[in-house]
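Undergrad: Top line first, the protein sequences correspond to chains A and B. Take the first sequence: its letter number 412 is residue 412 in the numbering used here, and every next letter is one higher. If you want the numbering used here, it's the position in the second sequence, counting the first as 1, plus 450.
Just so you know, the hints here were simulated from the structure itself, not pulled from any lab data. Treat the hints loosely; a few may be bogus.
[What the hints assert, rightly or not] Now the stretches of chain B that chain A is said to cover, found in silico as 3 or more residues with beta-carbon under 8 Å:
1. 476 to 484
2. 507 to 516
3. 687 to 695
4. 771 to 778
The beta-carbon is built from N, C-alpha and C at its ideal position, and this holds for glycine as well.
In case you want the letters, here they are:
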Amino acid sequence: MLFRGFIRGFSGFKGGIHPPENKFFSEGKEFSYISIPHTCFIPLQQHLGKPAKPVVEEGQSVEEGQLIAEADGFISANVHSSVPGKVAGIRSHPTVYSTRTQCVIIETEGAFSATSKTSQVENWETLSREELLSRIKDAGIVGLGGAAFPTAVKLSPPQGKTIDTLIVNGAECEPYLTVDDMLMRTFPGEILEGIRVTMKVLGVDKAIIGIEKNKPEAIANLKHAITENKLSHSIALVALQTKYPQGAEKQLIKALLGREVPSGGLPMDVRAVVQNVGTIYAIREAVLFKKPLYERYITVSGPIVQKPGNYKVRLGTRISDILDEIGGLTEEPAKVIMGGPMCGIALDSLEIPIVKGTSGILFFGKKNVYNDAYLPCIRCGRCVSACPAGLLPCDLSVAVERGMNDALEALKPFDCIMCGSCTYVCPSRRPISHFIKLGQQRLKSRSAAK
Amino acid sequence: MAEENTTNEKEQEKEKGSSKLEYVLSIAPHVRSSQSVFTVMWLVVISLLPATSYSFYLFGLNAVKLVVGAVIAAIASEALYQLLMKKKMTALDGSAVITGLLLAMNVPPDAPVWMVCIGSAFSIIIAKQLFGGLGFNIFNPALAARAFLMASWPVHMTTRWHQFSQNNIISQMIENSAGLPASAFDAITSATPLASLKGASKVITDFGASADGVIQTLLSPQLLKSLFIGNIGGCLGETSVLFLLIGALFLLWKRIITWHIPVIYMATVAVFMALYYTVYPLPGAESIDNFLPRIVLFHLLSGGLVLGAFFMATDMVTSPVTHKGMIIYAAGCGIITSIIRLWGGYPEGVSYSILLMNAVVPLIDRYIKPKVFGTTMTAKTHK
């Protein structure tokens with residue numbers, strides 16, 4: 001038992017996998033700007049929760065950063081125009097969320113007022129907690145790690161829940177992606193300021209930044225910035241083992257605080273809030289400059305990309321526009337992925353625009369795409385060792401396959417964090433996480449029918 | 451000019467055609483580990499090659515015939531069954547090759563080839579395909595076939611061993627340094643080491659040999675060395691611990707097996723034997739230096755323990771899925787092996803112990819489950 005505790009002390013959480021990192025394509029490549037697209041397709045839904053309600057009409061002129069759709073309800077987020085121009089229409093367009101999502105289509109024209117405006121840095125430390133929170137809310141900030149949960153909601157825990165630690169997620173455990181790494185290398189001071197803003201909003205005096213060990217430069221730069229700003233009493237930096245899914249919220253909390261979020265619970269149940277470094281960076285800009293979230297940093301990578309790298313891009317820019325600008329691909333893509341290769345979503349069109357939750361775009365050629373038929377489970381147990389949630393993915397997949405719903409329920413499919421580790425390791429090539437998702441839906445519809 | 455236009459149009463059409471690309475849509479993850487069932491199976495085959503090649507060197511042509519015959523029979527039975535039952539053909543996925551190879555490694559080197567072919571057919575058709583094919587079999591097919599051969603042709607399976615010299619099947623390296631009567635020495639060395647150990651007391655009374663001498667011969671450094679290197683009698687593939695360990699290290703390095711089953715299996719045998727011989731030492735044990743370590747080493751190196759612990763008990767399909775389950779399963783294998791070796795009718799118990807524990811695996815998997823993340827609060831959470 002002691003020995004096991006010893007091992008866990010290093011790894012932080014149980015399970016996990018070591019896929020080839022493949023970060024070298026874009027690692028260390030400095031941010032460059034993707035130019036303003038002539039047409040922007042800005043989806044009303046770029047976050048978890050209800051889509052935003054449009055507040056502009058066709059033909060109307062909008063400024064850069066102007067509110068074009070406002071949050072509808074508590075769990076929703078404002079949407080702003082990424083470019084100055086004219087609203088060409090509000091109609092459906094394919095996005096990462098569905099083949100038809102309502103988008104505000106803006107044709108670029110006019111002056112870039114926000115870009116030309118000198119940044120007025122306000123002394124945020126004199127602002128109240130409520131003022132800070134409302135600025136974050138107004139700016140339409142959502143989690144930029146991928147889940148796109150409205151940040152203002154996450155930063156206002158309900159009555160009775162106390163938070164004692166802010167966890168800053170710089171793990172970036174997904175292969176290929178390097179955007180968070182570059183953010184931390186390039187803007188360590190800004191990120192620390194963002195952390196202090198967020199700490200003030202949450203009313204906590206302790207923050208921990210968790211970074212995987214494979215980003216030594218980001219770790220060094222942030223460490224240096226922490227000592228330089230004399231923040232070591234409140235902000236700690238922990239170098240984590242390089243292991244997927246180190247950046248999964250619950251696993252990260254376990255690794256950094258040793259606390260286990262109870263099954264079915266949220267991080268706030270163990271008094272923690274987790275924010276991605278990209279979100280922290282956006283929070284700072286929202287508070288200091290009142291800058292809405294209309295652009296973000298992404299990684300464009302993959303074995304067939306001419307110029308893989310890290311780019312700053314306006315939300316609503318289509319993938320095809322980005323590809324045109326960075327020199328295209330070396331061969332026909334067989335798969336296009338928004339996000340990382342472990343959790344990202346395969347796309348069916350290059351017309352799909354970049355949204356708030358887009359951390360990267362990956363292009364895979366034929367060689368890199370697995371399309372094998374799957375075989376029966378051979379009970380090798382690799383998925384069981386890999387599962388960070390402590391489930392039996394092999395049994396779950398078989399229960400779903402055979403339609404055994406009671407057995408399925410006993411195997412706790414809702415504790416699955418959808419990290420895909422089981423599917424990754426399965427030698428029978430079974431789409432296990434897909435089966436589990438299917439099982440979750442089946443159980444949901446069954447309990448709804450009851 | 452007109453021509454140019456048409457070519458341009460064609461190019462444009464081509465471009466349009468290529469811009470309407472079809473991308474593969476699938477649910478995440480979009481990357482897979484490099485190990486598929488196919489690669490896993492063939493890597494296991496590769497890991498068995500050192501020991502197999504050594505058996506060719508040691509036992510000669512009949513060993514080659516047995517291995518080739520068993521492997522071909524296994525592939526052919528699988529192909530034939532899948533053809534007749536109109537199932538998807540998987541005869542070359544490597545699993546049938548492993549079954550045939552392991553079966554051949556588990557028969558005496560002078561066994562008839564037809565017997566091992568019948569065994570291969572039994573293992574594939576009865577022990578594997580009738581249970582539903584790869585992934586559904588309860589018993590290790592090769593071991594089930596070995597049990598079937600033991601029951602059907604016991605003479606071929608237990609009495610005909612390879613002769614290294616006129617009367618000696620253990621190894622020519624073993625000398626009569628303990629000064630045993632020639633008849634007693636012949637009696638000891640004309641069996642496999644484990645059988646000699648089991649028959650030691652009979653040799654002592656029948657030939658009037660001194661107990662010290664018998665035990666000294668069995669636990670002599672030469673014999674232990676022979677057991678490790680493998681120039682010694684036994685089943686075709688089980689003799690050389692050295693070459694088996696080379697393959698086993700390869701499997702561990704490729705992460706095809708984990709340490710849990712082999713280490714716990716062998717450790718259980720070691721502990722069990724150490725306890726037994728502490729309470730009931732062999733006659734003449736007190737006159738031998740380091741008797742206990744030597745007898746434990748003798749048990750670990752002899753018989754099919756290394757082959758069984760690293761290559762057969764670790765069969766993915768017929769072992770538990772959790773590490774905790776694997777430990778229980780391996781400990782069970784170790785205890786049953788020790789019991790058969792010490793009190794059973796056979797000198798060797800590895801194959802039956804694994805088969806018996808195979809039957810327990812569904813039960814182990816039902817009760818031994820990993821802890822679901824977040825289901826028990828740690829002390830820190832409550833603070």
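Undergrad: Run every hint past the structure and note whether it holds.
TA: These are the hints, each one checked on the structure:
{"no.": "1", "hint": "476 to 484", "result": "holds (count 8)"}
{"no.": "2", "hint": "507 to 516", "result": "violated (count 0)"}
{"no.": "3", "hint": "687 to 695", "result": "violated (count 0)"}
{"no.": "4", "hint": "771 to 778", "result": "holds (count 4)"}
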